[in-house]
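A.B. asks: Chain by chain, the residues run as shown.
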Amino acid sequence: MSTRASNDDRISLLQGTLDLLILKSLVFGPCHGQGIARTIQRQSEDVFLVEHGSLYVALQRLEEKKWIRAKWGLSENNRKARFYSLTHQGREQLAEKAAQWRRLTRAVGLIVDAGPAAQAEEA
Amino acid sequence: MFKQKRSAEDFAEELQAHIQLEVDELRLEGMSEEEARRQARRKFGSVRREQEHFYMQGRWGWLDKCLRDLKHAFRSLLASPAFTITAVVTLALGVGANTAVFSVMHTVLLRTLPVKDADRLVYLWTTPPPHGTGTVNKNETFSYPVYDALRNQNGGMEAVMAYVPLSGSKVGVRIGAQPEEAEGDMVSGDFFSGLGVSLQRGRGFTAGDEKDHAPLAVISNDYWTRRFSRDPDVLGTTLYVNGVGLTIVGVAARGFEGLEAGRSTDFWIPLQSRPELNAWGNPLDEGKTYMANPTWWCLRLIGRLRPGVTKAQAVAQLQPVFQAAAYTGLGTPSPGDKKPVLNLVDAKGFPSYGEEYGRPLRLLMGLVGLVLLIALTNVAMLLMARNATRQREFSMKLALGAGRGDFLRQLLTESLLLVTAGGLLAWLFAIYATRALGAWAQIESSLAPDGAVLRFTAAVLAVAVVLFGAVPLRTALAGGPSLAIKTSAVVSGADTGKTRMGRVFVVLQMTVCVVLLVAAGLLIRTLRDLENTPLGFSTDGLVVFGVKPQIHSPEQGREFYCNLTAKLQQLPGVESVGVMMWRIGSWSSNNNEMLVDGKLPDVPSGGSRTVRTNVVGPGFFRTLEVPMLAGREFADSDTVSSRHVGIINEEFARRFLPGQNPLGHVIDTERRNFPITIVGVVKNHKYRSIDEEPIPMAWYEYAQIPVIGRMDVEMRVHGEPLAILPAARKVVQQMDPDLPLIQPMTQRAQYDLTISSQVLFARLAGFFGLLAVVLVAAGLYGALAYRVSRRTAEIGIRMAMGARRGQVVWMILKDSLVLTAIGVAAGVPSAMLVGRALASSLYGVTPLDGTSYALAVAGVVCVALAASALPASRAAAVEPLTALRTE
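Those sequence lines, one after another, are chains A and B.
Note that the first sequence covers residues 0 to 122 in numbering that gives the first Met the number 0.
Note that the second sequence covers residues 0 to 886 in numbering that gives the first Met the number 0.
It is possible that some hints are incorrect.
Below, in silico cross-link-like pairs of lysine to aspartate or glutamate (EDC-like), each with a Cα-Cα straight-line distance of 16 Å or less [to be verified]:
{"hint": "1", "chain 1": "A", "residue 1": "K23", "chain 2": "A", "residue 2": "E62"}
{"hint": "2", "chain 1": "B", "residue 1": "K70", "chain 2": "B", "residue 2": "D405"}
{"hint": "3", "chain 1": "B", "residue 1": "K682", "chain 2": "B", "residue 2": "E649"}
{"hint": "4", "chain 1": "B", "residue 1": "K64", "chain 2": "B", "residue 2": "D405"}
{"hint": "5", "chain 1": "B", "residue 1": "K169", "chain 2": "B", "residue 2": "E179"}
{"hint": "6", "chain 1": "B", "residue 1": "K210", "chain 2": "B", "residue 2": "D147"}
{"hint": "7", "chain 1": "A", "residue 1": "K70", "chain 2": "B", "residue 2": "E12"}
{"hint": "8", "chain 1": "B", "residue 1": "K682", "chain 2": "B", "residue 2": "E624"}
{"hint": "9", "chain 1": "B", "residue 1": "K42", "chain 2": "A", "residue 2": "D45"}
{"hint": "10", "chain 1": "A", "residue 1": "K79", "chain 2": "B", "residue 2": "E24"}
{"hint": "11", "chain 1": "B", "residue 1": "K42", "chain 2": "B", "residue 2": "E24"}
{"hint": "12", "chain 1": "A", "residue 1": "K79", "chain 2": "B", "residue 2": "E8"}
{"hint": "13", "chain 1": "A", "residue 1": "K70", "chain 2": "B", "residue 2": "D9"}
{"hint": "14", "chain 1": "B", "residue 1": "K42", "chain 2": "A", "residue 2": "E50"}
{"hint": "15", "chain 1": "B", "residue 1": "K115", "chain 2": "B", "residue 2": "E157"}
{"hint": "16", "chain 1": "A", "residue 1": "K79", "chain 2": "B", "residue 2": "D9"}
{"hint": "17", "chain 1": "B", "residue 1": "K169", "chain 2": "B", "residue 2": "D737"}
{"hint": "18", "chain 1": "B", "residue 1": "K396", "chain 2": "B", "residue 2": "D68"}
{"hint": "19", "chain 1": "B", "residue 1": "K42", "chain 2": "B", "residue 2": "D23"}
{"hint": "20", "chain 1": "B", "residue 1": "K682", "chain 2": "B", "residue 2": "E650"}
{"hint": "21", "chain 1": "B", "residue 1": "K169", "chain 2": "B", "residue 2": "E275"}
{"hint": "22", "chain 1": "B", "residue 1": "K310", "chain 2": "B", "residue 2": "D118"}
{"hint": "23", "chain 1": "B", "residue 1": "K729", "chain 2": "B", "residue 2": "E179"}
{"hint": "24", "chain 1": "A", "residue 1": "K70", "chain 2": "B", "residue 2": "E8"}
{"hint": "25", "chain 1": "B", "residue 1": "K598", "chain 2": "B", "residue 2": "D667"}
{"hint": "26", "chain 1": "A", "residue 1": "K79", "chain 2": "B", "residue 2": "E12"}
{"hint": "27", "chain 1": "B", "residue 1": "K137", "chain 2": "B", "residue 2": "E592"}
{"hint": "28", "chain 1": "A", "residue 1": "K79", "chain 2": "B", "residue 2": "D23"}
{"hint": "29", "chain 1": "B", "residue 1": "K566", "chain 2": "B", "residue 2": "D635"}
{"hint": "30", "chain 1": "B", "residue 1": "K685", "chain 2": "B", "residue 2": "D528"}
It should be emphasised that the hints constitute simulated quantities derived from the structure, not laboratory data.
Model, not experiment: these values are computed from the prediction.
Take these sequences, add in the hints, and give me the full structure.
C.D. replies: In structure tokens:
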């Protein structure tokens, strides 16, 4: 996979953002670790390449906070896998974190996109 | 959270599932099975690291890690027991000796009095008091009128308290039927309240108690424990001191042992005014107790400053009061007289005691520091050598992915373990050594390694941990992971950086060893000289004890001692008996300037007119076997009504009556009380202590002096001197059942006490010298043996190339001899500096005593040769082929 996007295009995740991405990718139903990694990579158009180390640490952390729960199940191709799903608490957290994120990006956007420098760059 | 919710296996399974899913997907994208598996694994990275990560997420991960480090360290230390034992014992000796000496030093010099706000307490000291006064200590004691004036000034001092012992040593006490001895002080009424010492039972004294001279006593916690087994009903018990009944009304707080330096006071009583309880146990002077006698400066004073008042301000206020009071009973000062000057000294510890023992103790501390230095470098060297041989183990670990942090932790754990073991052993050693040191130094106040000493030791140990942890790490990391690949012993032994450091350590140790040996040599020779100093008479068969009978008149006293001497003389085995007022060999003396034929004798400028006097009975010189050079000894025919006679020593005659026949001259003290006619001259002999220089002396006859109280009895007996004591005790108790024998001992033992601090000092220095030699020998042997083992291959090659065994041995020996030469070259000048610092403690040897230096150098060379011999012979025994095959 890493061959598809050159290193330069990738952006390291902001602190705490991974939690949001994981929660979001579970909105459409339970998923296993590898599926979550894939989803994040695909939906970000290969900008985010999730490091597995931090992914599993994050999953562990979210599970401990009871935002997600896990149980063993079978994947589409009949492989045994550990499936994660959102808890009620997790959904609330997702809504809150998403709102926070929007506020943040809007604020950053307001600054970055305003003014002559941005105009010039677009031109 | 306190337990792992998921098992490690479960997590591992999840990771495997992840990789499997990835493989499936890659295969769907068209990769071959094998390619997909490889790709998936690569992408995932280290599975093991993730698992470790998971494992470490549990909160107790770090503890687990530490336990593992500890187990590992244990195992690796157990694997090399010789190294471990050497390191631990070395540490224990070095640190333990340090702790012990520090404990004693702390007690003597640094420990504050166990009182409230010790910062505001000050001792009152003075410059020498006016002419015509007698003192106990010319800087530290005051007369009662001076005390009375100072305490009533109400200025910068909140309180001025007085205290004075009831005896120069112990005082006779009776609680039940049996007489015994104890140490007691008379104190002012505000003593306990002013010092801020609380009472754990009963009450202290009041101003009223002092004014009424109330017959009360407060006992110390220690005395309560020792004598009364902590009996809760002790209050109300009657304590007979010199026959005077005193009621115990209180027990002082635990830890307060009085203000007598190096001694622990058993009981305190309010200031008294009766002949049985005169200050210092002295007989009345012209019928006056210390209270009525303004010319006897005998009280020690301690004061409490008001908050916010400095010592200078307080002194400024007290000075005029003091200087006026100082001349009470002496008339107006003559114009040329220097007035005494009061000064205040922090009362945090025992300053005068510090003077006597402080310097030797500080020097001792220096010696111990050197031993500690040797011990620490030894252990560092041992660790360096050990870890250099473990270099391949380290390189292997580095190559296998151990981080530098892991290394540091592992090495630190090993050091910690070593140091902990060494520290525990050191603590045990320190407890015994402190006790031994206290006994040797005759410091009777409680001595134990206390909290501050613990902190001090801990600091030394912490330094040791960092040092020993860091030194090998440098070596280990210098190797780098690539070293694991190299297998040649020649290659791994080739880098010279560490060996250079090792050489520096060896030279440093040699230097320190020379210094210690010279110091030990100088002190031990001093001791030998002191012990062999002729006293001027033979102490064989001499035994001495004190008695303090209840005497109300000089006649009664004369009768008592006459009787006692006669009875003792009749005991079987007794050759001769004499009595004396000041026990010889006990530092006590009475110093005066004396008139010869009515005027002060002319002495060359700068010369001293001081004469030491003593009061003795008939037969005193015969008992001591001090030869009479002229005239006669005191006899029973010298009575109060006959001509008053005296005896002088040859130094008196030489200095004050040069070229004349001293017999028939009349001498007298400045106060012109008791003129005596010289009837005899005795040979010079030691009076106060072994190391005193000859000084003019004069003796009075006790029957002719109206001052009579405690006396010491000197007996010369056949056979074992102490065996006569039970019989003597029986004689004394037949005369008065209340009388104990005070401090009975052989006269030799009494003189030996006067050099006890030198003896202690010399013994300790000798001990440290020996310790240093042992440590240096062990260190040198370890270092050389290690170097030879590293050069096995090189030696093999040399021998294969035709080197003879003799050459190999010489090569090894030369190596250590060069180091020794450098060490000696550096050590001798350093030792000279130390010798200069020791000069004041030496007796009979100069600081540049050649023998001591020669012996020290010879000692170090012997140690070096002995420590090199074994490695050298091992080197010579190397079989060239075997050595090369170990490659």
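A.B. asks: Next, verify each hint and record whether it holds.
C.D. replies: Comparing the hints with the structure gives:
For the hint pairing K23 (chain A) with E62 (chain A), the CA-to-CA distance comes to about 15 Å; that is within 16 Å, so the pair holds. Proximity of K70 (chain B) to D405 (chain B) is assessed by CA-CA distance (about 14 Å); at most 16 Å being required, the pair is judged to hold. Taking the CA atoms of K682 (chain B) and E649 (chain B), the gap is about 6 Å. The hint holds against a cut of 16 Å. Distance hint between K64 (chain B) and D405 (chain B) is fulfilled; the C-alpha atoms sit about 10 Å from each other, no more than 16 Å.
A threshold of 16 Å between alpha carbons decides the hint, and for K169 (chain B) with E179 (chain B) the separation of about 9 Å falls inside it, so the pair holds. For the hint linking K210 (chain B) to D147 (chain B), the alpha-carbon distance of about 12 Å falls within 16 Å, and the restraint holds. The suggested pairing of K70 (chain A) with E12 (chain B) holds, with an alpha-carbon distance near 13 Å, which does not exceed 16 Å. Between K682 (chain B) and E624 (chain B) the CA atoms are separated by roughly 10 Å; this keeps the pair inside 16 Å, and the hint holds.
For the given pair, K42 (chain B) sits about 14 Å from D45 (chain A) by alpha-carbon distance, which is consistent with the 16 Å threshold. Among the hinted pairs, K79 (chain A) with E24 (chain B) is consistent with the structure: their alpha-carbon atoms are about 15 Å apart, no more than 16 Å. Proposed proximity of K42 (chain B) and E24 (chain B) is supported: the alpha carbons are some 13 Å apart, at most 16 Å. A hinted pair counts as satisfied when its Cα atoms are at most 16 Å apart, and K79 (chain A) with E8 (chain B) qualifies at roughly 14 Å.
Simply put, K70 (chain A) and D9 (chain B) have alpha-carbon atoms about 11 Å apart, close enough for the 16 Å limit, and the pair holds. Restraint check for K42 (chain B) and E50 (chain A): satisfied, since their Cα atoms lie roughly 9 Å apart, inside the 16 Å limit. For the given pair, K115 (chain B) sits about 13 Å from E157 (chain B) by alpha-carbon distance, which is consistent with the 16 Å threshold. Taking the CA atoms of K79 (chain A) and D9 (chain B), the gap is near 12 Å; set against the 16 Å cutoff, the hint holds.
Of the supplied pair hints, the one linking K169 (chain B) and D737 (chain B) holds, its CA atoms being roughly 15 Å apart against a limit of 16 Å. A distance of roughly 14 Å separates the Cα atoms of K396 (chain B) and D68 (chain B); the hinted pair therefore holds under the 16 Å criterion. Only pairs whose Cα atoms come within 16 Å are accepted, and K42 (chain B) paired with D23 (chain B) is accepted, the gap being roughly 14 Å. For the proposed pair K682 (chain B) and E650 (chain B), the alpha carbon gap of about 8 Å is at most 16 Å, so the pair holds.
A threshold of 16 Å between alpha carbons decides the hint, and for K169 (chain B) with E275 (chain B) the separation of about 14 Å falls inside it, so the pair holds. Distance hint between K310 (chain B) and D118 (chain B) is fulfilled; the C-alpha atoms sit about 11 Å from each other, no more than 16 Å. At most 16 Å may separate the alpha-carbon atoms for a hinted pair to count; K729 (chain B) and E179 (chain B) meet this at roughly 14 Å. Only pairs whose Cα atoms come within 16 Å are accepted, and K70 (chain A) paired with E8 (chain B) is accepted, the gap being roughly 15 Å.
Of the pairs offered as hints, the one joining K598 (chain B) and D667 (chain B) holds, with about 9 Å between alpha carbons and a cut-off of 16 Å not exceeded. About 9 Å separates the Cα atoms of K79 (chain A) and E12 (chain B), which keeps this hinted pair within 16 Å; it holds. Taken as a hint, the K137 (chain B) and E592 (chain B) pair is honoured in the structure, with Cα atoms around 15 Å apart against an allowance of 16 Å. Between the alpha carbons of K79 (chain A) and D23 (chain B) the distance comes to roughly 12 Å, so the proposed pair stays at or under 16 Å and holds.
A threshold of 16 Å between alpha carbons decides the hint, and for K566 (chain B) with D635 (chain B) the separation of about 15 Å falls inside it, so the pair holds. For the hint linking K685 (chain B) to D528 (chain B), the alpha-carbon distance of about 15 Å falls within 16 Å, and the restraint holds.
Against the hints set out earlier in the document, no violation occurs for any number.
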